[in-house]
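Put together the whole structure using the sequences plus the hints.
2 protein chains.
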Amino acid sequence: MTAETRPVDHVIAAIRAFLGDRITTNIAMREQHSRGEDTTTPVLPDAVAFAETTEEVSQILALCHRHGVPVVAFGAGTSLEGHVTPVRAGISLDLSRMTAILDVSPDDMDCLVEPGVTRHQLNDHLRDQGLFFPVDPGSHCTIGGMCATRASGTNAVRYGTIRENVMGLEVVLADGRVINTGSRTRKAANGYDLTRLMIGSEGTLGIITKIRLRLHGIPEATSAAVVQFPEMRGCVESVIQVMQLGVPVARIELLDEVQMACCIAHSKLDNLEALPTLFLEFHGSEAGVAEQAETVKAVVTEMGGLGFAWAADSETRNKLWTARHNAYWAAIASQPGSRGVTTDVCVPISRLADALLGAKEDIEASGLSAPMVGHVGDGNFHTVILVGQDDPAALERAWELDRKIVARALALGGTCSGEHGVGLGKREFLEQEHGMEALAVMQSIKAALDPKGILNPGKMFRN
Amino acid sequence: MTAETRPVDHVIAAIRAFLGDRITTNIAMREQHSRGEDTTTPVLPDAVAFAETTEEVSQILALCHRHGVPVVAFGAGTSLEGHVTPVRAGISLDLSRMTAILDVSPDDMDCLVEPGVTRHQLNDHLRDQGLFFPVDPGSHCTIGGMCATRASGTNAVRYGTIRENVMGLEVVLADGRVINTGSRTRKAANGYDLTRLMIGSEGTLGIITKIRLRLHGIPEATSAAVVQFPEMRGCVESVIQVMQLGVPVARIELLDEVQMACCIAHSKLDNLEALPTLFLEFHGSEAGVAEQAETVKAVVTEMGGLGFAWAADSETRNKLWTARHNAYWAAIASQPGSRGVTTDVCVPISRLADALLGAKEDIEASGLSAPMVGHVGDGNFHTVILVGQDDPAALERAWELDRKIVARALALGGTCSGEHGVGLGKREFLEQEHGMEALAVMQSIKAALDPKGILNPGKMFRN
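Residue numbers (full-length UniProt numbering), protein chains in the order written: chain A, 1 to 463; chain B, 1 to 463.
By construction, these hints were calculated from the structure, which means they are not laboratory data.
Watch out, some of these pointers could steer you wrong.
No copy is singled out in the list; a pair is fine if it fits within one copy or between any two copies.
To be verified - Calculated lysine to aspartate or glutamate pairs in the DMTMM-like style (CA-CA distance at most 20 angstroms, straight line):
(1) K297 <-> E286
(2) K404 <-> D390
(3) K210 <-> E437
(4) K297 <-> E37
(5) K404 <-> E428
(6) K360 <-> E237
(7) K297 <-> E55
(8) K297 <-> D354
(9) K268 <-> D124
(10) K210 <-> E273
The structure is reproduced here in structure tokens:
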């Protein structure tokens, strides 16, 4: 078969008819779309298409569907699990130019955005209206990508994940049909929950082209604090107790002594030491925030915390949370030229100490460097296992360590992924986690909605 | 075809082999399972089967699947939308004997229950452990039924609906296979959200046999209050403002002057008058509760509220909320021998005044009696349109009024059902609300999971 007769070439030509130079086979652009921020083997898409409207996405999918050409949605390319790697080539459908904030309703505290809007862009836009969007993965990711991977972040412990903050979606189906899901009401009992089905479906059931988000009022008062601990157990036991007391903390983040060393170096946190540390934030009224902080202070003091350092002014707070959001990059920077294999387990809160201290033992035994950081109020933590760019043996050891950490989390009633998703990297665990029959149900839904299997093939399921 | 050769008779005989006298064709029992608390035309099932284990449910479904016999799950029979009416006869599968509370974990604030457990039974069981389950429809419904219909109630404004309070399910599929969905973690990004797909699927995708619920700590402090208003506008505008201010009210319920007259008579609320009224509850710390109440007091005062009557002690509070939960029965009792057609619209909070005052005009114009009560913090309100038991003309007028109220809610960006579900009564609105294509997606999922269409046929979809 010559290159000209391949279905994908036919599709590229047909797309070019309406996208013009917004579809490209330029090698540099294809390389840029060959994987995300992960360690998967890059695969070049046949072409990269930059869609700017729902209609264009619909036309592209209709064409790909007709000709059986794979389509992989691409946002900011920050996936850590291989979601955007086009393992079967085809079209990388880049939505990062769909950046319109279509409406904001302060009265109903919601907004409608296109999928390429980033959380930073949205929050900059909202600030003057006294509103904010809380879901904050540690990257410059797009809202579309966050929906597709069921993302969360540091605020989820109080405000929920993207799942709880999306009211409805516009989705283009595999064959180009466009549907609207959900409603603008706070609740509804009006048919199957297609919104939640699409959230976390990782581009395998449809392409999200509009998102209606729930917003939140900027709290009257905000305060943040840092507590360091001489050893990890007191640190993690503090988290468990704070959660069990029902304190409505806005953020409660744990960084181990290895991660703290990275952050101190990378983000110039000169007043802190390389010790197990909690970063905390409280939202509410002035009195409410003070009350929450008092309760937490009593807990951490009892657990051996070394003081309770306030980050009272917004500048200090911003520095703290910027450091936290840059934790991944701080880890990478600690070993120049390395990449990170990121674990993402999540366990019931009562098992957090077992999962986390066990993971630290596994890291120790592996001989690898793996800073640890976590959204511990949700029972979710990451290790960034550092490996050299061209060290396949170390990469294999990193995956081995990942498997060990996941196996322990599953044995403790947890999940392989709290927020990064399945993609390529976590497929092997799904069967164990859900069982064969539940996985078969997921696959029957996939077959019903994407009978030709063109949407992000090879992801989530192994077969 | 003689009665003996019908597939259903074969199935009944096969089920009798393992259920014994827990499957019955007794006419009184079939009548009891011929509809819920609604005004649909009763239809007798061919038999009623009382399952006591997942294994039995699985065997029954496998048999019904093989022989193409309809199965309608039945819990407490409190549906208001015809969910349990076996419109195509078959087996009414009664799960009300599956009442085990299998485990409660105070450390993880969750529990595992069978579907026949009622919310009252669960809360009685939990009380000594300082925990509660917040979702509270106004009836003695089962947790399984609440999951199937995506139920909520008075606490949803603060604690979310059943959707936000279910962590995972055990579900028997149409062909008898058993799956487990979800996880015990607070969040997960590990595959399609089958839990949320089953929640609100009204027995059309599978039969729920176990439910893992999220629990909440009994708040340190609780206070309740009643505010009456000379006219409805101030009452509903107060609600909108309280919600827009972000006050975390635990409950904010509106009763119009007609409903109040019913409740005063039925529940002996002698100190209250037949005026538009808000019932409020605040949860939190002592200081937090006082702060919330102060904010709300300022709002209602500005809106013309006639004082702010505290229900400080738990006895007064219980009387108040029992009256609220009995509102439906109070409405029915106001016209002895009547039945109620219940509307259940829900709108974005900014449109609540338009929806509610418009509905009152529609009621006025209809000449029917229809007390109004609502979970207004969520934008959700009900009218109980009273019609005589044997008055088909009045029933038709009631449905006409229902259609008008729904049409206005849809035009305001709302939904036909906030919490009662679709069943038979709201099918006609789904297409308008979701569009043909989204409805087609729902139906393709239905076809994938229940290819023979045995699970609660005739519900949710018109064809």
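Right, here's what the structure says about each hint:
1. Taking the shortest Cα distances, K297 and E286 sit within 20 angstroms of each other both inside one copy (16 angstroms) and across copies (19 angstroms).
2. Proximity of K404 and D390 under a CA criterion of 20 angstroms is satisfied in neither setting, with 23 angstroms inside one chain copy and 68 angstroms between copies.
3. With identical chains, the CA atoms of K210 and E437 are at most 20 angstroms apart between copies only, with a shortest distance of 16 angstroms across copies and 32 angstroms within one.
4. For a Cα distance limit of 20 angstroms, the shortest separation of K297 from E37 qualifies neither inside one copy, at 37 angstroms, nor across copies, at 52 angstroms.
5. With identical chains, the CA atoms of K404 and E428 are at most 20 angstroms apart within one copy only, with a shortest distance of 13 angstroms there and 52 angstroms across copies.
6. Taking the closest pair of Cα atoms, K360 and E237 come within 20 angstroms of each other only inside a single copy of the chain (15 angstroms); across copies the shortest separation is 55 angstroms, beyond that limit.
7. For the identical chains of this complex, K297 and E55 are neighbours neither inside a copy (54 angstroms) nor across copies (50 angstroms), given an alpha-carbon limit of 20 angstroms.
8. Proximity of K297 and D354 under a CA criterion of 20 angstroms is satisfied in neither setting, with 23 angstroms inside one chain copy and 47 angstroms between copies.
9. Taking identical chains as interchangeable, the C-alpha atoms of K268 and D124 are never at most 20 angstroms apart, the minima being 25 angstroms within one chain and 54 angstroms between chains.
10. Taking the shortest alpha-carbon separations for K210 and E273, neither the intra-copy value of 44 angstroms nor the inter-copy value of 48 angstroms comes in at or below 20 angstroms.
When each numbered hint is compared with the structure, violations occur for hints 2, 4, 7, 8, 9, 10.
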